[in-house]
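Given the structure of chain U, go ahead and fit chain X onto it with the hints provided.
2 protein chains.
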Amino acid sequence: MFDLRKYKVKKIIIASTSTVHGTGYLEYILPELKSFFNKVKTILFIPYARPSGISYDTYTEKARVAFGKINIQVKGIHEFDNPEEAVLKAEAIFTGGGNTFELVNQLYKNDVITSLKVVVESGTPYLGTSAGSNICGVNMMNTNDMPIVYPPSFDTMGLIPFNINAHYLDPDPTSKHMGETRETRIKEFHVFNKVPVLGLREGSWLEVSNNDIKLKGELSARLFRKNKEAVELDAETIITQEILA
Amino acid sequence: MFDLRKYKVKKIIIASTSTVHGTGYLEYILPELKSFFNKVKTILFIPYARPSGISYDTYTEKARVAFGKINIQVKGIHEFDNPEEAVLKAEAIFTGGGNTFELVNQLYKNDVITSLKVVVESGTPYLGTSAGSNICGVNMMNTNDMPIVYPPSFDTMGLIPFNINAHYLDPDPTSKHMGETRETRIKEFHVFNKVPVLGLREGSWLEVSNNDIKLKGELSARLFRKNKEAVELDAETIITQEILA
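From first to last, the protein sequence lines are chains U and X.
By numbering that gives the first Met the number 0, the letter at position 105 of the first sequence is numbered 104, and the numbering carries on one by one without gaps.
By numbering that gives the first Met the number 0, the letter at position 240 of the second sequence is numbered 239, and the numbering carries on one by one without gaps.
Treat the hints as calculated values from the structure; they're not laboratory data.
Don't take each hint at face value.
Treat identical chains as interchangeable: a pair holds within one or across any two.
Stated by the list, open to error - With a cut-off of at most 35 Å between alpha-carbon atoms, the simulated DSBU-like pairs for lysine-lysine come out as follows:
no.: 1; residue 1: K186; residue 2: K68
no.: 2; residue 1: K88; residue 2: K227
no.: 3; residue 1: K10; residue 2: K175
no.: 4; residue 1: K225; residue 2: K38
no.: 5; residue 1: K193; residue 2: K68
no.: 6; residue 1: K68; residue 2: K33
no.: 7; residue 1: K38; residue 2: K186
no.: 8; residue 1: K225; residue 2: K88
no.: 9; residue 1: K225; residue 2: K74
If we strip away everything but chain U, and leave its shape as in the complex, we get (with noise of 0.2 Å):
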């Protein structure tokens, strides 16, 4: 059933946000979603996320409304008597963001982890925002989100051998408040694990194509690795081993 696209160039975007401060939903992208999805006339949407706990009707309506402005047909995977299915036979995938757990939970519990992971590494274009671009990382470690259920797992994807912090925010000088800052958190994290960890800026994403990772939108942002100081990465950088090292 599956169409093998092993030949085919792996092409994804890791966005940090679906939205930036003042504009509208997948506003700041379009553009760039336009040229990348140019080939592309459906694509399947993944509204496992939930924010805010919406239903998966309303979340795909959303995205439906943000892709009609560039002419490509959204159709959501619950839509689909067989979720695996539709994932091995979707044109494009954009999973949307919400929470991380959920997200993780719902891909576990319908077994489509696997086949997304086939399919993207195969070629099939596929866009995350936020909780969509954690599950891009080796696994969901480094999410924001509250774990508002028990996934069986946190191993994702790993489409890039790092994990994502998205919405990373820098510490604020001026704050009483004492929880952690998310520096701390992510330092936390290297205590007990090796994986290196990208905190994207809101406006920023990645572009993967094939083995190339490369960072844009204006912003710089932040790596962490164990062990070794945080550095900043500036826009257009491309992500390699020797970076990550």
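This is chain X only, laid out in the frame that chain U set:
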């Protein structure tokens, strides 16, 4: 080996934070702790949450210095050959903050979570701050922490019939950040769960005396229940079943 104390009064302090801005470790709550632990000479410290990834020894030393000021000796649970025996024999127990996922992971790994629940319910005085407070709830699903390790379960002690959101933060109306507010995250929790959640601001704590649960400190706390508007509870409120219903 366990000195059965079931006729004693349950005594628990559940604090949002160990430290309020501009003061030393436990300083704001030390007068309260002096009276709460007035019959106690030694306290067992559980350093499993490892804030910023510090070692058990370093963390225990921090607790030792603070409790030294009120003439209470501190011993870390990791200094004992048998952690379960240490819990069962402890005169009083303090679990410090840090990463809730790692704390819960170690409580299961060291097989002490059940014993901890049993002794506290039987009268061993217990202090929790931050992550150490989250584990007093039904489960750890309202932690703000990053899932840096995968614990065998999210279930915790259930010493109180609701969950804690420590370091509760009100939405910042001036923020341009698109990540979810704390309130949105807790509302997402209630799409999937029924357990009430109490947002405890820094400087607030709960004092549990048998089955009375009283909000202490100067601030109000924010109570979230499934399918209801969130409400503010004033300081000194006794949190009854009616309030939680």
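So, going through the hints one by one against the coordinates:
1. Within a single copy, K186 and K68 get their C-alpha atoms only as close as 41 Å, which misses the 35 Å cut-off; across copies the closest is 31 Å, which meets it.
2. Proximity of K88 and K227 under a CA criterion of 35 Å is satisfied in neither setting, with 43 Å inside one chain copy and 42 Å between copies.
3. Proximity of K10 and K175 under a CA criterion of 35 Å is satisfied inter-copy only: 30 Å between copies versus 43 Å inside one chain copy.
4. In this homomeric assembly, K225 and K38 never come within 35 Å of each other (Cα to Cα): the closest approach is 40 Å inside a single copy and 45 Å across copies.
5. In this assembly of identical chains, the alpha carbons of K193 and K68 never lie at most 35 Å apart, being 41 Å within a copy and 39 Å across copies at closest.
6. Taking CA atoms no more than 35 Å apart as the test, K68 paired with K33 passes inside one copy only; the shortest distance there is 9 Å, against 65 Å between copies.
7. Taking the shortest alpha-carbon separations for K38 and K186, neither the intra-copy value of 41 Å nor the inter-copy value of 39 Å comes in at or below 35 Å.
8. Taking identical chains as interchangeable, the C-alpha atoms of K225 and K88 are never at most 35 Å apart, the minima being 39 Å within one chain and 38 Å between chains.
9. Proximity of K225 and K74 under a CA criterion of 35 Å is satisfied inter-copy only: 31 Å between copies versus 41 Å inside one chain copy.
Violated hints, listed in ascending order, are 2, 4, 5, 7 and 8; each of the other numbered hints is respected by the structure.
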